[in-house]
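**Q** Line order of the protein sequences matches chains C and Y.
Numbering-wise, the numbering used here comes out as the position in the first sequence, counting from 1, plus 68.
Numbering-wise, the numbering used here comes out as the position in the second sequence, counting from 1, plus 63.
It should be emphasised that the hints constitute simulated quantities derived from the structure, not laboratory data.
Be aware that a few hints might be false.
Simulated crosslink set (DSS-like; lysine-lysine; CA at most 27 Å straight-line) [what the hints assert, rightly or not]:
1) C:445 to Y:150
2) C:70 to Y:70
3) Y:108 to Y:70
4) Y:67 to Y:108
5) C:148 to C:218
6) Y:108 to Y:259
If you want the footprint, here are the derived chain Y segments under chain C, 3+ residues with CB under 8 Å [claimed, not checked]:
7) 98-104
8) 129-142
9) 159-168
10) 180-192
C-beta: ideal position from N, C-alpha, C; glycine also.
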Amino acid sequence: MKAQRVLAVARRALTGLRHDRRTIAFLLLIPLFMITLFGYTFGGELQDVKICIVDLDEGADNQTLSVIVVAYLTNSKTVKVTDQPSSLDDGIQRVRDGDVWATVYIPVDFSERALAGAEQLTTGQPLTTIGTVTVYLDNSNPNIASAVSKEVYAAVQAVAGIELGLYSPIALASEEVYGEDAEFIDFFAPGVMGLAAMMVTFMLSIITFVHERSTHTLDRVLTTPVTEGEVVAGYAMAFGVVALIQSTVILVAAVLLFDIQIAGNPLLVLLVIFLLGVGNQGLGFLLSSLARSEFQAVQFMPIVLFPSILLAGVFWPLEAVPELLRPISYFIPLTYAVEGCRSVMIRGWGIGDIWLSVVVLVVFAIVMLGLSALGLKRRR
Amino acid sequence: MSAKARKVAVAAVTRSGQFTVETDGLRKEYDGLVAVDSLDLRIGKGLVYGMIGPNGSGKTTAIKMLVGLLRPTSGGARVLGESIPVKANTARIGYMPQEMAVYDDISVQENLGFFAGLYSMDPESARRREEELLRMTDLADRADSLVGQLSGGMRHRVSLACALMHDPELVFLDEPTVGVDPELRAGFWGYFSRLKEAGKTIVLTTHYMDEAVRCDVVGMMRQGVLIAEGEPAALMERTGTTGLEDAFLAFAREGRA
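The shape of chain C in the complex, shown without the other chains (with noise of 0.2 Å):
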């Protein structure tokens, strides 16, 4: 392996994407442009869902306990109280028209129940009798329908907090050992960049590859006393090189636009976006020997990206992943390169922590390059 032969072809490479303003926008306004729309998307909290109530309480001993709900639910940001309608009946229907995602019930007898039922805890008589409140739920957005549940419970737990002066003798208490004020964002952002960095690095390669082989210029340079692993050589340090450039766009647009966290050192992170992209390109390569056009080679991106997207951990976590599916999982690259990046961005790991990302990715690499030199050796 000579270097500047290698050299040779990672300059002519780069050369070449130089040359090509739209693709180098393209390169670096994707990345930016993923991170910007999930960020918006997914980094803020369920806001201002739209709820009605329908409050019937007549209260007793003087205490409307419904005023709590009320009051909590209307100053909840969660949630947005368009009115109150006067039946239930009315209320269902707001439902049923799509008006809003939920309408809260509380029923005539509410403060009454809950009242004789606080009572009876008070004076040590079996719990009989409790005020219930429900909730006329639109769960076609389970998402929604959870947060407005989980709201409204916790409007009702203020009234036996606050007003009854009921508290539980279980408490639940947390502690953030990893990513204290962690937001969503700062769990996604990583595998963000994993994806973009995979993204990139097959479809130039992909392309590029087909490309070459089909003007020949492949054929031409192999005449040459360049090696077959020369070549691989210098295409993975040249897309390398791009994968790592994008990725430190998204890091700093990431820090600047969402304020996310890097407890490690970024180097590491960037290390191990190099090592994927190396091995993505490797992958390209090889399947670009399969495609006899560049638009045959565009097909391949759905096949490739696809299970990387929804089983490599990028959006949730693998734990919610099916079992079934899990050991695909854990044999797509894009998951170590994920898990690696979270651990050092979030938990601020080092390289003795991640060892294992790192492991699993050179071998990807190593064994993604052989295949392509070797490829590359075989005549017809």
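Fit chain Y to the known structure of chain C by using the hints.
**A** For chain Y alone, coordinates are given in the frame of chain C:
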């Protein structure tokens, strides 16, 4: 060079036994179709050897085997003394494919610089060589243009310059003058003569018969078979014709009979 002088030169090379390319029953089949059939060539050192023949006659396939891009089905060849596929001698061989095969996303000069890098040329001699070849191919004022923006003929010239960049001893040129205007084509042949004077061997394919007359030795290929080989004047004499085109037709008829 006069026909007589050429005859003397070719005879001298043949006697000396200095062959840059020797093939031995070289054969290539694709999916049952025979592209090149038992080709036996001896190409003398320092000569311009022209392979002529219609499309599909096996010229390009033969060259691709000699530069190591295709594996022969049977038979073998030695190029600059090394059995194919050539490994050690690649730096002494130049190759210009029919498809031009230059990078269209970089400039003319960057293409030349890339090949200089592949041949590990030092920057100073690479620069001098670049200037010389840009002048020869009349591309000096387009040196910074992206190859993709050039005309077909210009791209052809870039491709030729890339093949000659490292000053090879033996150069395979597959259709080097296609799409090149007559004036520049004459210039190319002048340059080929200079290469020959410097002791280089040129193996080229062409389907311009008038051009093939300028070769020292011509090999006529038809349907994968070498049907005739010799100095252009001798081939015309043997068939009693006045042009290589007629000579080719005469040999083709003979072969069929």
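**Q** Run every hint past the structure and note whether it holds.
**A** Results for each hint:
Distance hint between residue 445 of chain C and residue 150 of chain Y is fulfilled; the C-alpha atoms sit about 12 Å from each other, no more than 27 Å. For the hint linking residue 70 of chain C to residue 70 of chain Y, the alpha-carbon distance of about 45 Å lies beyond 27 Å, and the restraint is violated. Distance hint between residue 108 of chain Y and residue 70 of chain Y is fulfilled; the C-alpha atoms sit about 14 Å from each other, no more than 27 Å. For the hint linking residue 67 of chain Y to residue 108 of chain Y, the alpha-carbon distance of about 19 Å falls within 27 Å, and the restraint holds.
For the proposed pair residue 148 of chain C and residue 218 of chain C, the alpha carbon gap of about 14 Å is at most 27 Å, so the pair holds. Taking the CA atoms of residue 108 of chain Y and residue 259 of chain Y, the gap is about 9 Å. The hint holds against a cut of 27 Å. Residues of the segment 98-104 of chain Y lying with their CB closer than 8 Å to a CB of chain C number 0, which falls below the three-residue condition for coverage. Here the segment 129-142 of chain Y counts 5 residues with a CB under 8 Å from a CB of chain C, which clears the bar of 3, and the coverage holds.
Coverage of the segment 159-168 of chain Y by chain C holds [criterion: at least 3 residues with CB-CB distance below 8 Å; count 8]. Residue count for the segment 180-192 of chain Y with a Cβ under 8 Å from a Cβ of chain C: 4. That meets the three needed, and the coverage hint holds.
The structure fails hints 2 and 7 (numbered hints given earlier, in ascending order).
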